[in-house]
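Engineer: Each chain, letter by letter, is given below.
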Amino acid sequence: MASIQYTEQSMNDHIVTAFSQELEQLFANILRMGGLVEAMTNDACEAIVIGDVENANRIRLRDTQVNQLDAENEKMITEIIALRQPLARDLRSVLSALKTSNELERIGDLAKNIAKRAKPVAKTNRPSLLKGISELNSAVIGQLSGVLDAYRNQDAEQAIRIWDQDDKIDKIYTAYCKDVLSEMKAHPDLISDGMHILFIAKNLERIGDLVTNIAEFIYFLVTGNYLTLTERLDID
Amino acid sequence: MPKQPFKALLLQQLRRDVAMLTGIFTVLLIWLALIGELRWTQSFWISLFLIAMAIIYTISRAARISATRNVSQTISLSEVERTRRRAQQQVLDGFSQPALILTHDRIEYSNKAAMKLFNLPRPKGLSSASLRHPALLNTIAKALASRQAMVCEFNPAYRTDEPWLAELVVLDTTEVPARLLISLFDQKSVRLASSARSDFLANASHELRTPLTSISGFIETMKGPARHDLKAWPRFIDIIDQQVSHMRALVKDLLSLSRIELAEHMAPTTQIDLTAYTLEAIKSLIPQAKARQVRLKPPDQTSPLIIRADPDEVKQVIVNLLGNALKYSPEGSVIKIELGQATSASEAEAACSRRKTGAGRHTIIRHEKMAGPAAWLRIKDKGPGIEEDILPRLGERFFRADASRGGPIEGTGLGLAIVKHIMAHHKGGIAVETRPGSGTAFSVWFPCAKQKL
Ligand SMILES: Nc1ncnc2c1ncn2[C@@H]1O[C@H](COP(=O)(O)OP(=O)(O)OP(=O)(O)O)[C@@H](O)[C@H]1O
Ligand SMILES: [Mg+2]
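Going line by line, the protein sequences match chains V and A. Using my numbering, read the first sequence as starting at 1 and increasing by one per residue. Using my numbering, read the second sequence as starting at 1 and increasing by one per residue.
There may be inaccurate statements among the hints.
Said to hold, decoys possible - SDA-like mimics (lysine to any residue), calculated; alpha carbons at most 25 Å apart, straight line:
#1 A:K124 x V:L61
#2 V:K99 x A:L126
#3 A:K142 x V:L61
#4 A:K297 x A:A371
#5 A:K315 x A:G385
#6 A:K124 x V:E157
#7 V:K168 x A:K315
#8 V:K99 x A:N119
As the list claims (entries may be wrong) - Computed spacing ranges between beta-carbons, pair by pair:
#9 A:N138 x V:E54: 15 to 21 Å
#10 A:F95 x V:I81: 42 to 48 Å
#11 V:E157 x A:A267: 45 to 51 Å
#12 V:E54 x A:E264: 43 to 49 Å
#13 A:R84 x V:I81: 40 to 46 Å
Claimed, not checked - Computed, partial: chain V to chain A, Cβ under 10 Å:
#14 A28
#15 N29
#16 L31
#17 G35
#18 A39
#19 M40
#20 T41
#21 R62
#22 G142
#23 N153
#24 Q154
#25 F199
Keep in mind the hints are simulated off the structure, nothing from the lab. What you are looking at is a predicted structure, and each value in this text was computed from that prediction instead of being measured. Glycine is no exception: its CB is placed at the ideal position from the N, C-alpha and C atoms.
Can you make the complete structure from the sequences, with help from the hints?
Structural biologist: Structure below.
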């Protein structure tokens, strides 16, 4: 099979090689998926904070769309590998697309899980408990948007920046957990609400971790090297 | 891309097998022919077999190649069309708000503001990759399918207080593929503006209601308990008269504010002499100054200063500022009026600022892009001055510093707001310098008219 290169086509004549078009479509699919989970995460947290159970239920349904896109991407990637047998950067693009798609699908699951807890938490009589969710959410959404931008722009430097900033989320998370735990100790009637809130926070923190994974894939895609894992170990 | 990759894979394997078999049989044929074991019918069949194999191979290759061709797409535009699109893109560059043009699922062009809003490195790309926002993408899909204009509110950065409105317009309903123009509007500023407007209305009606309540209160008293106390009536009537003139002043100020706002987008065209207008305004206020035993010290400058300005508005600026100075000056003090010319707006501003120690200074507005020489006017009184921390609030509608002090001086709190508006209209500036206890100086500067030499 003739080796087909992914060439940056000159935009004036609009002649696009089949392979570069497929890759572009794949990227667009992944970013579309990213946009979906971004909105899902944010809307789920908002629904939790304002106690909008109905909307939360609707958000849970959006996960099927994400799963569908993930399956579609996987199929597309199989096709590309089978037919185009990409090499070097093309191969890295395809591999990181596969992994990114999987991570995004997991973020979708976590967001769905957050939305699921809107109902039990809605009845809590201590709204101050939920304040940390907004804070954690905006930190996570910031990271997620940043990593998706880095993916679209194929920007390794931004990927590193995102990767470095994950401990901000971890800090907010640990502080928030402490607050919730002390509230739970002081008011035993809050234990079940508190548990749900802790799970929500944990899910958000997990999303942050998945974001750093995506940042690693981007780095790998662009440079061909792996971001070192040593620094991540001491956080957990 | 073929629909079923695994079938395509089979095709590929088939081709490989065919090639292998062809190779083996060719070798066999040559070998058999060489040792002379082959009758010609046999070699005919084997050759036929080989040709068939070659044909199958070629067909499988062709299938492969056509699969590639199906996806590769060539959009060639005529030169006329290209020029038209380039012109449209240039129009987008002229917009200050974010705007993009979409051709089907691809961003054909986005202006600087849109690239900034969506954090795009290039003005082009697939829309789902570049815009990403599900609500926006869904609306785009709907607009493309129905070929109808649509709007969508969304929140690009997921911050609750920063909603944007996207307006989608189909550029040419007959064009294939469809092209969309998307313009985006920051709802935050719209909301702020509308809340400012309703604040203003609330303030205005409150300001009008206060004297009205007092008037109706006194009328009630005169009709009721004080019906026969005719001796008290002149006092009541005086108060009513006072309130009525306050209301009249308010209405007058409100009307002039709205008139100035109406004309705000039209640059003044007339050329007038600032010196003459200042002297005239001083003359008109002399009776008022005499009554308060305040001396108005006229400017040294007597030669004309030609500015491009609206005569009524300039008159209003001078009268409002001088009126304030008179109102807030103690009896027997002097108000110093100065005029001058400078080579630029910043020079004019510098000329007006005297930088006394202990004095607070604040520029209420300044037109940044004012070019060419400027004429300035400075009015300095020996009044109570203004506290430094409220300087930024000067020019706000209905803001009165001595209202909080419970001062006895009458006023609507619109005078400086009007001056500020007029100076914005003239692309000039206004600044204040003040020291509590020793006096206040207000300065304004106008761009000079370009004179033909
Ligand atoms: N020369 C000055 N000396 C001290 N304070 C001043 C001076 N000029 C303005 N101020 C302060 O700024 C406030 C706003 O002035 P502005 O001219 O807008 O309203 P006003 O004089 O109270 O009412 P009016 O609309 O009738 O002029 C005044 O209430 C006053 O406190
Ligand atoms: Mg005034």
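Engineer: So, for every hint listed, does it hold in this structure?
Structural biologist: Cross-check of the supplied hints:
no., hint, in the structure
1, A:K124 x V:L61, "violated (32 Å)"
2, V:K99 x A:L126, "holds (21 Å)"
3, A:K142 x V:L61, "holds (20 Å)"
4, A:K297 x A:A371, "violated (31 Å)"
5, A:K315 x A:G385, "holds (24 Å)"
6, A:K124 x V:E157, "holds (22 Å)"
7, V:K168 x A:K315, "violated (59 Å)"
8, V:K99 x A:N119, "holds (24 Å)"
9, A:N138 x V:E54: 15 to 21 Å, "holds (20 Å)"
10, A:F95 x V:I81: 42 to 48 Å, "holds (43 Å)"
11, V:E157 x A:A267: 45 to 51 Å, "holds (47 Å)"
12, V:E54 x A:E264: 43 to 49 Å, "holds (47 Å)"
13, A:R84 x V:I81: 40 to 46 Å, "holds (42 Å)"
14, A28, "holds (4 Å)"
15, N29, "holds (7 Å)"
16, L31, "holds (4 Å)"
17, G35, "holds (3 Å)"
18, A39, "holds (5 Å)"
19, M40, "holds (9 Å)"
20, T41, "holds (9 Å)"
21, R62, "holds (8 Å)"
22, G142, "holds (8 Å)"
23, N153, "holds (5 Å)"
24, Q154, "holds (9 Å)"
25, F199, "violated (22 Å)"
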